[in-house]
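> Required output: the full structure, derived from the provided sequences and hints.
The chain contents come next:
There are 2 protein chains.
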Amino acid sequence: MPEVPAAPAKIVTACIVVIGNEILSGRTKDANISFLATELNKLGVRVMECRVIPDIEATIVATVNEVRAKFDYVFTTGGIGPTHDDITADSIAKAFGVGISEHPEAVARMSRHYGDPALFTPARRRMARIPHGATLVDNPISVAPGFQMGNVFTFAGIPTIAQSMFESMKHRLVGGDPVLSRTVRTNLPEGIIAEALGALQKRYDDIDIGSYPGFRAGKVSVSLVLRGTNDARLAAAATELIQTIHQMGGEAEELVQ
Amino acid sequence: MPEVPAAPAKIVTACIVVIGNEILSGRTKDANISFLATELNKLGVRVMECRVIPDIEATIVATVNEVRAKFDYVFTTGGIGPTHDDITADSIAKAFGVGISEHPEAVARMSRHYGDPALFTPARRRMARIPHGATLVDNPISVAPGFQMGNVFTFAGIPTIAQSMFESMKHRLVGGDPVLSRTVRTNLPEGIIAEALGALQKRYDDIDIGSYPGFRAGKVSVSLVLRGTNDARLAAAATELIQTIHQMGGEAEELVQ
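For the protein sequence lines, the chains are A and C, in the order given.
According to numbering that gives the first Met the number 0, the residues represented by the first sequence are 0 to 256, in order.
According to numbering that gives the first Met the number 0, the residues represented by the second sequence are 0 to 256, in order.
To be clear, the hints were calculated from the coordinates, so they are not data collected in a lab.
If a hint is listed, it holds; no wrong ones were tucked in.
For identical chains, the list gives no copy identity; a pair is met inside one copy or between any two copies.
Mimicking BS3-like on lysine-lysine, the simulated pairs with C-alpha atoms at most 27 Å apart in a straight line are:
id, residue 1, residue 2
1, 9, 69
2, 9, 41
3, 169, 28
4, 9, 201
5, 169, 9
6, 69, 93
Note that the coordinates shown come from a computational prediction; the quantities given were computed from them, not determined experimentally.
Take a look at the structure:
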């Protein structure tokens, strides 16, 4: 009986742009890429590229303009605080060719938050400056908002704040078919299973098969990750893979996700 | 007395290209960027950009060709193992427009390492394929080498191996003036010190002043990082900064690096 071809997957893509000299100097380890990649994946949005760039206006403008044309969604983190090196909002405005000024709702929220007008300093007011035409992204932690400009979402760099901003806006995203995965773990090293794995990949060209070596309790352990949008196909491929490894004399088990 | 202008700093730049679907899916947290950024910085090589890209040949070729023209050095990690999804070596060959075949010295090393010819499988032999004209980068851990092609260095993705490859080749790098840093920690929040900080940045335009908020023992703590190539200038700026913060009623101390 001929197999019924599956409908082509609806693919929605994203790019993450991490803005900050502190990541490039090695001073700070980025924590936003893995969080956003994991969460976007759950929503059916595939991260196809990430960039880490410095706090340099020309670089931010060029990068944002390149990637917003190339991908469905862009997420930037970093550079929207109150200090002189926080130039992301101005750079996004420049990238879109629009002006930037204080957003009344952002001013109102921050003014309420700080209470005493003396605490709502000019530097803090800078954080209420939003590119014209952008909509706010709520910041449940420290109030100063992020924003959405076209398909570009701009978040703070501090991971807890970036995460809370993402949670507050994720309903705006329209994802494609979610990418599902199954993982088979084996004790056979990559160099032994590679050929069989390559053959399996050829037969299942709608699935992306990745091989990730590691160690468990001092012994080689390879995680074989099958990713795709059709779970029946993933299940069939995983079963075949386990059988093949058993035939080669290896151990194989599918991990419960 | 007029200040003697310092000689312009010799700047050497780099880009890190992380190749791997597992980072983009969020499955694996990258650990190579912060290691390489920190180590390169010590050698006077400034990381100006990082990219995380998928295991797709066209993307690897385009990215490598763009960044090798733009930066003094390029470091790639990932995709040089024995499985079908390891396509970095072939992609680098394509980017440079050269062929690729087994490198006799790589074959000899791996053949010695595996001993039994039955263990030196065709898949493992793939790891001895090196773009024509490249020189080997030693792999003290698992033998299969990385390589240098022009200004592009290609390392394995597994952090311990990437790190050992970097250690074995770093004497080949010619750095510029090392970037030195001094850090002042204060209890004043960014929104309070931002204006004074911006004014200091204007007076010290040869120094890059970054402001990184955080928490220590539940209280606001901001690290102000001064970076530049001239330590006398950094010391002067740090002293001025500490005085300014004291005048504002805040606490400030320079951290011992």
